[in-house]
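Chains as they are written, first to last, in numbering that gives the first Met the number 0: chain S, 0 to 255; chain C, 0 to 255; chain W, 0 to 255; chain Z, 0 to 255; chain D, 0 to 66; chain U, 0 to 66; chain L, 0 to 66; chain A, 0 to 66.
No lab work stands behind these hints, which were simulated from the structure alone.
Wrong hints could be hidden among the right ones.
As the list claims (entries may be wrong) - Partner residues aside, some chain L positions facing chain Z, computed with beta carbon under 8 Å: (1) A9; (2) P42; (3) K52; (4) G54; (5) E58; (6) L60; (7) G65; (8) G66.
Owing to the predicted nature of the structure, the values given are computational and were not obtained by experimental measurement.
C-beta: ideal position from N, C-alpha, C; glycine also.
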Amino acid sequence: MDDPLVIAGESFSSRLIMGTGGASSLDALERALVASGAEIATVALRRIDPDAPGSVLEVLDRVGCKLLPNTAGCFTAKDAVLTARAARDAFETDWIKLEVIGDEDTLLPDTAELLKAAEELVDDGFVVLAYTNDDPIAAMRLQDAGCAAVMPLGSPIGSGMGIRNPYNLAIIRERCSVPVVLDAGIGTASDAVLAMELGCDAVLLASAVTRAHDPAAMAEAMKRAVEAGRLARHAGRIPRRLYAEASTPFEGLPEL
Amino acid sequence: MDDPLVIAGESFSSRLIMGTGGASSLDALERALVASGAEIATVALRRIDPDAPGSVLEVLDRVGCKLLPNTAGCFTAKDAVLTARAARDAFETDWIKLEVIGDEDTLLPDTAELLKAAEELVDDGFVVLAYTNDDPIAAMRLQDAGCAAVMPLGSPIGSGMGIRNPYNLAIIRERCSVPVVLDAGIGTASDAVLAMELGCDAVLLASAVTRAHDPAAMAEAMKRAVEAGRLARHAGRIPRRLYAEASTPFEGLPEL
Amino acid sequence: MDDPLVIAGESFSSRLIMGTGGASSLDALERALVASGAEIATVALRRIDPDAPGSVLEVLDRVGCKLLPNTAGCFTAKDAVLTARAARDAFETDWIKLEVIGDEDTLLPDTAELLKAAEELVDDGFVVLAYTNDDPIAAMRLQDAGCAAVMPLGSPIGSGMGIRNPYNLAIIRERCSVPVVLDAGIGTASDAVLAMELGCDAVLLASAVTRAHDPAAMAEAMKRAVEAGRLARHAGRIPRRLYAEASTPFEGLPEL
Amino acid sequence: MDDPLVIAGESFSSRLIMGTGGASSLDALERALVASGAEIATVALRRIDPDAPGSVLEVLDRVGCKLLPNTAGCFTAKDAVLTARAARDAFETDWIKLEVIGDEDTLLPDTAELLKAAEELVDDGFVVLAYTNDDPIAAMRLQDAGCAAVMPLGSPIGSGMGIRNPYNLAIIRERCSVPVVLDAGIGTASDAVLAMELGCDAVLLASAVTRAHDPAAMAEAMKRAVEAGRLARHAGRIPRRLYAEASTPFEGLPEL
Amino acid sequence: MTRLWINGSAVELDDDAHVSDIVGRFTVSPRGTAVAVNGEVVPRSRWSDVSVKDGDRVEVLGAIGGG
Amino acid sequence: MTRLWINGSAVELDDDAHVSDIVGRFTVSPRGTAVAVNGEVVPRSRWSDVSVKDGDRVEVLGAIGGG
Amino acid sequence: MTRLWINGSAVELDDDAHVSDIVGRFTVSPRGTAVAVNGEVVPRSRWSDVSVKDGDRVEVLGAIGGG
Amino acid sequence: MTRLWINGSAVELDDDAHVSDIVGRFTVSPRGTAVAVNGEVVPRSRWSDVSVKDGDRVEVLGAIGGG
């Protein structure tokens, strides 16, 4: 099935986007990235540490992932915009995963600041993939602001709580025409499948893989999960019923 | 990863067992079976219809599935035992998916009759895979009776309700040492992943695939779902938290 | 609203039945019983302890509760029948809460033994209220055996897990004409309301009250919860919708 | 138990706030209000209809409810502020239930506009009770803006979907010190209990009562539900366990 | 004659009509009633003082059940 | 003539009919086929040996998709 | 002397002891009390009539909170 | 000497130091590196042109795993 993910005119065959935080080593990260089959991976900017052994960039180049810089850690539109500009210069890409958080404990987005930053970055030519909460109104406003993708959370970053409110995601799916990427909260493979079954175009996750006991195995699980969910969405599931519906017919039952 | 499913000493590389009821045609069934990668498929016995076009048996032989005859439609231990014996003669296999149902509307097992039939068939040399409800006590009694596998339901046959009580399945997994096969109730791929994440050794499903809008696509989804769930179970998921856990470190955050 | 609970021809205005295990003192138990408004309370038989201070029987007599002896701790039909007979002699009542458990860790019923015991006790003139799992088939068999009430669990005794499978309870409600009493698993007030909304005729609980931080307050909460759930069931709830339905009309909206 | 709800220095003994939309008649509304025991009820402003039979105001005066005017139907901060000022003049109260919605189909709040309106109205001396979504960041910003209460939704207005994301409500409860009122989405009594168990200070609902088959019965159910939930929250529930915890001791079990 | 809009409908009033005159056409009870003229609330205390003029958009609002 | 029931229908057969004759009316393939006479399975190996008699209830079963 | 088991403990009683004597050692109130001897319930009405003998297993049961 | 702040630490540099000199102290690879001076990004193409002065707050940023 030729069924590419298309964001801002670029096509990808994998619908799993990998975050790169939380890995125990660059080596573990590389093995997980390879197993995941991801074609896009996030990267962050921090004060450079001249003593850091190796570089996440070399890993990502080796694996062949497109870079998706983020603005993690920014609490205001101003900081996020500046970080995005630094990232554009550092990574030579207009793509930005825009994060503007409202609180250090929940890492939940501040959607008012997020919207401001999105508007400014879109004006400045960025391809904005906006990490947002699961509020359909916020998602619609971000789309209207010109974001290339909206990336609602399932639950707080790193919480592993999965998709707390599938109804909101279903509404976002119905209301948005840009790609919807489930970003944050995935804990295990069934969460990723559910995201895709709800109609998300892709899944972005980090901790669920990088902090699993066996990151490469979980990465492979996630790869298949995303594929399974995409296929299942399009295969058209059976309806739910309270009572049974026989799979073996009663007709022709012998009188033994 | 070499991680075979072993039932009664026989090894299988696929952990998806296909039911064959509900398909719109033998052709549709065959395509779904191929896409599923299943190595075991169920088959039922009914009064022979000389005018039936083609035979499910030819399909299963062509696909190369091991036959797992069932006793669907039996309401008593006596009927189920007799049906099992007829199936052994017809299909030249000691394997039997034992079903004894208590009610035509729910198709839920009558566990008291089921246990009686299981005891008699085990005595008679059958390899009994018992379709049961999600009651841990019933599962333990069936294991004690010598069943080769216990096959608890997630929800009623054909209901598509998924796994209504994951806690009971978790208890069954902890309490049983024979293979646990989730049988009945699967509606979509995420249900199958969840079953495997809960520790089931395999998943048996029919309607979810055969009655999907696109059975072959759903079969492929289920194949990957079962693999994803198995991998995820063994990869060791991250814990659930109410609050966030940053995947991008705050350390080194610049003062912009 | 005159809406009595009727079991075996006897009427009760309260639909909350109290278990009496788990209390920190007889005094705490008495205050909780009074606050609960319960008219029926369970009692167990154990080897008499001549040094025990006070007696649960005096408490129950003072509060004015009808006694419902149980057969807790019995693993076989034989033991349960004998215990029931001893209870009839000790408490001068034909009523028995019949428990036959299959396992010490889950305290889940062994429904095959339970059914045997129920048949024998009904024959012997007992009014049998059978503690069972949430299997609709088992509930129907117990009703057919002449039980005066079926008492399915929500989740294991003392687990506080609430109602793990509301679908099974809904099916039991539709399939049984005898009173259905939710017995076991209640953790907090919302669980009790849900039980009643699902159509249960009454709720039996112990640990949720006796082991709460403030048993009397929780008892009062449960009293109101059971009333609320009963009222809500009969008031006819609004349907669930994915989208909104305005409660304030848009008509007449000014142009400000 | 003396446990008043205090908003902006005013005390109320009832923790159920009634919306007044959706009733089939003023008479039905009055009976429901009386049964609910509510001391606060919402009211809206629309173009006056000189032919309207009777007035909701007379009903509310008769029942003795404090008026809580709303700004339902406003899509911008500007409209909401103007509506609030009109309401203050019409109803001689500074209290306002502030609604600024983002979309006619979901009636979900536009939190950016909401925050703007809240800031302006607080400056203007209003006692602002802000209807918001379940986003903890938005709730915190509204509190910081000086709102007297934050009123997160459980699910969309009139949807009857209950509390879709109890985790967000738990976080809002932990993060906000102003009263938290669950507003919107309640479908039946168990939803209201759950809201209170999660720590909400009160529940505001309309359709669940006014559109129930028997509004007065549902109103009484809600009254008890809110009381039950409040009591249960403070009574301190037992923990949840996967396995059982005997309520009848095994000690002293006879050898029969 | 003054031609203006009341609750979205074109209406003609005598010259020198005041807000209070308009309210009087709808209701006798000031409680529960609010008036906005051209997007500004006219407080009840000023209804008798404020006159309306050609082209004014007047909204006369009353209480309904809602929320 | 032998009058018996095959799969619930009344049938007349020549005297001395055997189970194998009945199976032959339905299918040429023994695989996937089972026979019960009066509630007892007749193994395939004995189809040629076992004759049927008046009033017998014969069930001839074949494979269908199910389960 | 009669040697028997009461509630799992070995006890010696005078010859010709009756169930009622045993119950009397534990409680004065018959209500809430039940007795089983060798796995059979002895109804309260017969406590004074039934004597115990060597090796009997007697269970004297009382009410506790439970369930 | 120029006294300024680099990544939050006080540093002394020779007069006439340029951004490119500072970057060179941390890394040889421009890819993955970004520089902001006093809250404005200095594009890589201008590192050699832009000199720093007393009191400047310079941030030299590099790629880390995250997100």
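Checking against the hints above, which ones are violated?
Result: hints 1, 2, 3, 4 break, sorted rising.
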